[in-house]
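J.: Listed here are the chains, written in short residue letters.
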Amino acid sequence: MSGYYTIHDPLIERVLLTEEEIADICVRLGARITEDYRGKDLVLVSLLRGSLVFLADLSRRVELDVKLDFMAISSYGSAETVRIVKDLDEDVSGKHVLVVEDIVDTGLTLHYLLGVLAGRSPASLAVCTLLDRRARRIADVPIVYRGIEIPDVFVVGYGIDLGGRYRNLPYVAVVREEVMG
Amino acid sequence: MVSAPSEHETFDGLPVTDKAARTAFAHPSERVAARILDFYHVRWEYEPTTFPIEWDSRGNVIASFAPDFYLPDYDLYLELTTMSQKLVTKKNRKVRRLKELYPEVKILLLYQKDFKKLLFKFGIPGREMPHEEGGGVAPDEGLGPSEGRMP
Numbered sequence: 001m002s003g004y005y006t007i008h009d010p011l012i013e014r015v016l017l018t019e020e021e022i023a024d025i026c027v028r029l030g031a032r033i034t035e036d037y038r039g040k041d042l043v044l045v046s047l048l049r050g051s052l053v054f055l056a057d058l059s060r061r062v063e064l065d066v067k068l069d070f071m072a073i074s075s076y077g078s079a080e081t082v083r084i085v086k087d088l089d090e091d092v093s094g095k096h097v098l099v100v101e102d103i104v105d106t107g108l109t110l111h112y113l114l115g116v117l118a119g120r121s122p123a124s125l126a127v128c129t130l131l132d133r134r135a136r137r138i139a140d141v142p143i144v145y146r147g148i149e150i151p152d153v154f155v156v157g158y159g160i161d162l163g164g165r166y167r168n169l170p171y172v173a174v175v176r177e178e179v180m181g
Numbered sequence: 001m002v003s004a005p006s007e008h009e010t011f012d013g014l015p016v017t018d019k020a021a022r023t024a025f026a027h028p029s030e031r032v033a034a035r036i037l038d039f040y041h042v043r044w045e046y047e048p049t050t051f052p053i054e055w056d057s058r059g060n061v062i063a064s065f066a067p068d069f070y071l072p073d074y075d076l077y078l079e080l081t082t083m084s085q086k087l088v089t090k091k092n093r094k095v096r097r098l099k100e101l102y103p104e105v106k107i108l109l110l111y112q113k114d115f116k117k118l119l120f121k122f123g124i125p126g127r128e129m130p131h132e133e134g135g136g137v138a139p140d141e142g143l144g145p146s147e148g149r150m151p
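Chains as they are written, first to last, in the working numbering: chain A, 1 to 181; chain B, 1 to 151.
Not one of these hints is a red herring.
Residues on chain A that point at chain B, a partial pick, calculated with CB under 7 Å: (1) Y76; (2) F154; (3) M180.
If you want the footprint, here are the derived chain B segments under chain A, 3+ residues with CB under 8 Å: (4) 39-51; (5) 69-79; (6) 108-116.
Hints are computed from structural coordinates only; laboratory data are not their basis. None of these values were measured; they are calculated from a predicted model. Quick reminder that beta carbons are idealized off the backbone N, C-alpha and C, glycines included.
Work the whole structure out from these sequences, hints included.
T.: And the structure:
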């Protein structure tokens with residue numbers, strides 16, 4: 001019952017997206033993806049670790065024979081520049097790749113990732129994100145499948161962390177502004 | 001894409017690139033922004049363009065605006081406004097005028113609250129700078145609690 005406990009967490013201001021709303025988004029996006037990729041060789045690629053929860057739910061709403069694969073990149077402060085620390089297991093050359101993201105903010109991470117994947121000659125490359133926060137968008141990345149556009153608030157839950165916490169919240173919650181100083 | 005930046009010196013415990021180290025930034029927040037862009041291999045130019053925004057009756061430029069960064073990969077100007085909200089009226093006016101005169105120019109204005117959120121997400125604690133140091137928000141020493149991924 002992590003949700004019950006965390007809703008009383010002083011860092012959490014309110015629930016932004018409930019479990020039911022997230023489930024509806026997964027059904028809606030899953031149906032579109034199913035339709036768009038029918039008969040195609042589809043690989044769902046997720047960037048660890050934030051997107052893992054969304055990928056798990058979304059992929060079960062895609063009624064196709066898909067493959068799941070994962071990448072991880074270095075985080076700011078842990079390396080001089082961004083680099084891949086866990087690469088795909090699959091060769092995606094000639095396959096249709098759909099990058100599944102939890103949230104797109106500045107777009108810098110996703111832009112880097114798309115550049116890497118585009119260099120591997122996939123048949124197609126597209127992006128699906130649960131949350132789209134456009135207020136600070138720097139890299140104008142193309143999002144084909146968008147769960148919901150959210151306001152300029154800091155969120156946690158449903159895979160998104162704050163210092164490693166809150167990933168297992170079943171909903172997306174807004175963190176209080178005061179937390180950021 | 002630029003080649004991977006090399007370590008030159010440290011700034012609040014993290015390496016900075018040669019270019020960021022060589023550039024005379026007007027505010028510490030701009031150096032941090034440059035380092036974040038370097039981290040993602042995003043090319044940047046510091047104040048490369050000055051846009052005239054006001055002229056007198058004889059056509060002399062009497063006001064201009066130079067956004068902090070230009071990102072050629074995205075054809076985007078980036079302006080950091082790290083001073084407190086009550087002091088940004090003049091900056092807002094300049095940005096509004098820029099958009100009127102140069103509608104083709106893409107510019108992203110990051111206010112103090114936006115920059116604080118970026119620092120927070122990257123795990124870089126921010127601090128209020130005293131007025132004599134330029135005011136606004138600047139990165140503080142050390143790393144914060146976040147993993148630092150900026151989505």
